[in-house]
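Top line first, the protein sequences correspond to chains A and B.
Position in the first sequence counted from 1, then plus 91, gives you my numbering.
Position in the second sequence counted from 1, then plus 2, gives you my numbering.
Bear in mind the hints are in silico, worked out from the structure with no lab data behind them.
Do not rely on the hints blindly, as some may be mistaken.
Partial list, derived from the structure: chain B residues whose beta carbon lies under 7 Å from chain A [as the list claims (entries may be wrong)]: (1) Met-13; (2) Ile-28; (3) Val-95; (4) Asn-319; (5) Arg-320; (6) Gly-327; (7) Trp-397; (8) Lys-432; (9) Ser-435.
We put the CB at the ideal spot given by N, CA and C, even for glycine.
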Amino acid sequence: MTLPQYHAARWDEPVIFAMGRPGARGQLFPDLEPGIEPAVIPPALARHDRPALPEVTEFEVQRHFLHLSQMTLGMMGVSLFGTCTMKYNSKTAEYATLRPELAEVHPCQHPDTLQGVLQIIHDFDHILRALSGMDQFIFQAGGGADAAYTMTAVARAYWADRGELGTRTEMVTSVQSHPCNPATAAAAGFDVVNLPLEANGYPSLDALRAAVGPKTALVMLNNPDDMGIYNPEIREWVAVAKAAGALAFYDHANFNGVMGKICARELGFDACMFMLHKTFGAPKAGGGPAVGAYGCTDALAPYLPAPLVVHDGQKYTLDHNRPKSCGKVREFWGNVPQMVKAYAWARAMGAEGINMASDISVVANNYMDMRLGQIDGLAISNPSVTARRMEMTRWSLEPLFAETGIGSNDFANRMADYGIDPWWMSHHPWIVPEPFTPEAGELWSKEDIDLWIDVVARIVREARETPDLVRTAPHNQAVAQVHAADFEDPVLWAMTWRAYLRKHRPDAARRTA
Amino acid sequence: MSASPRAHPWMALSAPGQIDAMLAQIGAASVAEVFEQIPADHFRKTPLVLPPALDSEIALKRHLTQTLRRNQDCERNLSFLGAGCWQHHVPAVVDEIVGRTEFATNVWGSYQSDHGRNQAWFEYQSGLGALLNFDTVQLPVYSWGCATGHAIRMAARMTGRRVVLVPAFSDPERLSVIRTYCQPPEMDRHIAVVTVAADRRTGGLDMADLAAKLGPDVAAVYFETPGYLGHIETHGADIARLARAAGAETIVGVDPLSLGILAAPGDWGADIVTGPTQPLGVHMNCGGGVGGFIASRDDERYVREYNGFLVSIGQTNRPGEHGFGLASSHQNSYGMREEGKDWTGNSTYLWAIAGAVYMSLLGPEGFRELGHLIVSRARHAARLIGAVPGLSVPWGDTVFKEFVVNFDRSGKTVAQVNDALRARGIFGGKDISDEGLGLGQAALYCVTEIHEAADIRRLVDALTEIVA
Chain A
92 MTLPQYHAAR
102 WDEPVIFAMG
112 RPGARGQLFP
122 DLEPGIEPAV
132 IPPALARHDR
142 PALPEVTEFE
152 VQRHFLHLSQ
162 MTLGMMGVSL
172 FGTCTMKYNS
182 KTAEYATLRP
192 ELAEVHPCQH
202 PDTLQGVLQI
212 IHDFDHILRA
222 LSGMDQFIFQ
232 AGGGADAAYT
242 MTAVARAYWA
252 DRGELGTRTE
262 MVTSVQSHPC
272 NPATAAAAGF
282 DVVNLPLEAN
292 GYPSLDALRA
302 AVGPKTALVM
312 LNNPDDMGIY
322 NPEIREWVAV
332 AKAAGALAFY
342 DHANFNGVMG
352 KICARELGFD
362 ACMFMLHKTF
372 GAPKAGGGPA
382 VGAYGCTDAL
392 APYLPAPLVV
402 HDGQKYTLDH
412 NRPKSCGKVR
422 EFWGNVPQMV
432 KAYAWARAMG
442 AEGINMASDI
452 SVVANNYMDM
462 RLGQIDGLAI
472 SNPSVTARRM
482 EMTRWSLEPL
492 FAETGIGSND
502 FANRMADYGI
512 DPWWMSHHPW
522 IVPEPFTPEA
532 GELWSKEDID
542 LWIDVVARIV
552 REARETPDLV
562 RTAPHNQAVA
572 QVHAADFEDP
582 VLWAMTWRAY
592 LRKHRPDAAR
602 RTA
Chain B
3 MSASPRAHPW
13 MALSAPGQID
23 AMLAQIGAAS
33 VAEVFEQIPA
43 DHFRKTPLVL
53 PPALDSEIAL
63 KRHLTQTLRR
73 NQDCERNLSF
83 LGAGCWQHHV
93 PAVVDEIVGR
103 TEFATNVWGS
113 YQSDHGRNQA
123 WFEYQSGLGA
133 LLNFDTVQLP
143 VYSWGCATGH
153 AIRMAARMTG
163 RRVVLVPAFS
173 DPERLSVIRT
183 YCQPPEMDRH
193 IAVVTVAADR
203 RTGGLDMADL
213 AAKLGPDVAA
223 VYFETPGYLG
233 HIETHGADIA
243 RLARAAGAET
253 IVGVDPLSLG
263 ILAAPGDWGA
273 DIVTGPTQPL
283 GVHMNCGGGV
293 GGFIASRDDE
303 RYVREYNGFL
313 VSIGQTNRPG
323 EHGFGLASSH
333 QNSYGMREEG
343 KDWTGNSTYL
353 WAIAGAVYMS
363 LLGPEGFREL
373 GHLIVSRARH
383 AARLIGAVPG
393 LSVPWGDTVF
403 KEFVVNFDRS
413 GKTVAQVNDA
423 LRARGIFGGK
433 DISDEGLGLG
443 QAALYCVTEI
453 HEAADIRRLV
463 DALTEIVA
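The following block holds chain A by itself, in its conformation from the complex (with noise of 0.2 Å):
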């Protein structure tokens, strides 16, 4: 196997706080006119400092954020980042959300002129009514974790509406659910009950059926798995918890590999959950802006944040008037832009395209488990469950770490050296010991996927040969391996650069100050 001789680019770039001279500008803003009476601040509420920023011309903060692009693989090599989705993003929808009759637009414009988008809105809720079965989708959830509060903030609703939020005070989950369904339950005021797990991947029946009861105010659950298990028991699940009163939300951040073929409403579900950053083909640009699109039935619409975009047949007009409504999780309707650009892939696949990315994304995972599985070190997780995973699946790297000690941090240190992505492990608590969560999803080449697995191959061929180069990885980065107790220790982490000048550099501090 012949691998990249990857080096990313290295610019030694300061901070650029460190950067400029004194009365260097980067933008002028003009004169008062004539006729305007410059207004005057009491000394009392004044600034009296100059704020400590950098003074730096134009061109060159153009140049330092260019330098720092380049400095970011951003996944412009191969990314098989598992539970994350890697997709293309359509420039084409970017462009088209860049131009002032969307990027110049006022949420609080009046609705006739606000048409366009409106209308993409309207019509992006019905496709997604059409993936999932639901009556009503709203996008104000600025990600995955907020659509998760968002259900919360609405069983909250539900509950207060019939007189028993008081006593339906617990959300059941399973250990290996997202992190976000316990914490936004538990951040929304609800006990958190976690099933654990049976060999076969998955909580039982009896588990479930011991946990639920009349305190369960709702079941937060995710089909199939991190581990690329689906649950064949997922519709009793939705019946026992239905049985007890509870509301079912369905996680759907694992939806790559169930594309047309899982409807959340035919299994039962009360509400779902779409990550549109990722399902979805708009962008999670490192962390948003993203946004989850929270769909639910006519019986929970009512309790939905405001406001709804609704059609008369003629116009489109928000509808602000839901008395019954949860309040707001964040401002305005959310993040748009991603709206028309989830739409814009939505659109651009179609209904068949759609199927063949779920078709194609669980065909190459079960070809990436099959060379994986080939290579001695590895181990793949819940190793009873022999059917064919889904879109992902969890391996561990358990056999060659007691072998080795090289363990899957290590590996993520040195994929990057190969301009590879590294990989995504697990979410915590861990656990498959030294995990590590590839998905390809049908963007990928036969090509990238096997240039994947060869890198994996070389480190693991490497953590036998020559751990101390994996162990002291990167080596090909834009810098070296960053020393991690410094961001647990309060005297030594630096949040800002006047922190850290207070902190590691104090004459420095003093001159600035």
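Chain A is already provided as a structure; the job is to place chain B on it using the hints.
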């Protein structure tokens, strides 16, 4: 899998023969076989019917641009809308940098491979740190309201108290988010949101009402300067002093664009500062440009309560070299699930990069010029509008960029006036008549650096004509 006549440009394995070859390699007879885990009766029964695919870039572009052209925008029209989403100048370099595919990518990134992105994040935190004179700034959360919600919850955890005081003159959008974060009253961990009356002579907080409500159960006092209605709070230091004496935290919301001319709240007593990030180089995006910051002193009591990502500078194995990582990260929900500090997830981190570029371009003099330009033009507009017969502008001489226009004496409603303005290509201020503020027929106008004297004159002439 149904045979597609052509490979899809976004799916490499859609090329003819690719999937069949892969199926052969894994020993599967058909695509159906790889879905063997799913019970037969779980597959959807309703056929998936979606609008026909737009199967070329040409068709997609035409559809998107034609649909979006049904919008009216604030470039072709003259807009005075603000209230949580403001029209400011976005420098072209900001657009170039946030559009770089390495940043606007699908991947979350890692500290090993995405050093440049991490440095940009640190520079965002550092820029806000410089404006706020605070050492600790977190990567942005979803919005200003969400930032304030988290800050209130931080204060509740730190003090063990369950009441927050907020101004009666609050943005209903933000207040609704804050109430959501504070949980409904039926719940055991509910935080009571109690409003403090406004001093109607000044637009600021009523200090007597504040003192009366500032009991031993109060976790935090939250107020904004400039406030929702634009007023610059003159009693900030007194409020912080009273709060401290009562054992409560002082949380202050602030417009970062005011900080070139207004003292940083931490310098007069704020403990936690929140605010919007959209003014820092992000387009309005129909409300989809919002984000919120949280900042404080570098005091471990506060740092340990943050919910999200705190990027820290650190050392690497190469002497003298900087790298970046996440400080105190175990406390968030990725580290501790339901035991973590609230929750975190994808947020608005691309806008952190926009903010870093924006603050670097402006520098200290840019922020001073910008603040001065905004406040002078806004007060100028407030004076001219207040002089129009039938209109009045309360507190117009103490505002930053937003101000209230009252239409009661004109005999017209804000809705009528705004309809007439819109017919003239002008978007009037947000109608706040029904927000329960007791201000009559009133609109919240916003004037920024993009409004030239001639724009303000055009508005005033139009208003004069409409209410005549």
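Hint check: is the beta carbon of Arg-320 of chain B less than 7 Å from a beta carbon of chain A? Arg-320 of chain B check passes; min Cβ-Cβ to chain A is 4 Å, inside 7 Å.
Status of the Ser-435 of chain B interface restraint (C-beta, 7 Å, chain A): Hint on Ser-435 of chain B: violated, closest Cβ of chain A at ~13 Å, above 7 Å.
Identify whether the interface hint at Ile-28 of chain B stands, where standing means a beta carbon of chain A within less than 7 Å of its own. OK, holds: Ile-28 of chain B within 7 Å of chain A, min 5 Å.
Closer than 7 Å between Cβ atoms is the bar; does Gly-327 of chain B clear it against chain A? Give me holds or violated. holds, 4 Å
With 7 Å as the cut and Cβ atoms as the points, is Lys-432 of chain B at the interface with chain A? This interface hint holds because 5 Å falls under the 7 Å limit.
Proposed interface contact between Asn-319 of chain B and chain A, which counts if any beta carbon pair is under 7 Å: holds, 4 Å
For the restraint on Val-95 of chain B, tell me whether the closest CB of chain A is nearer than 7 Å. holds, 5 Å
How about Met-13 of chain B: closest beta carbon in chain A under 7 Å, or not? holds, 5 Å
Taking the least C-beta to C-beta distance, is Trp-397 of chain B closer than 7 Å to chain A? violated, 14 Å
Checked against the numbered hints given earlier, this structure breaks hints 7, 9; the rest are met.
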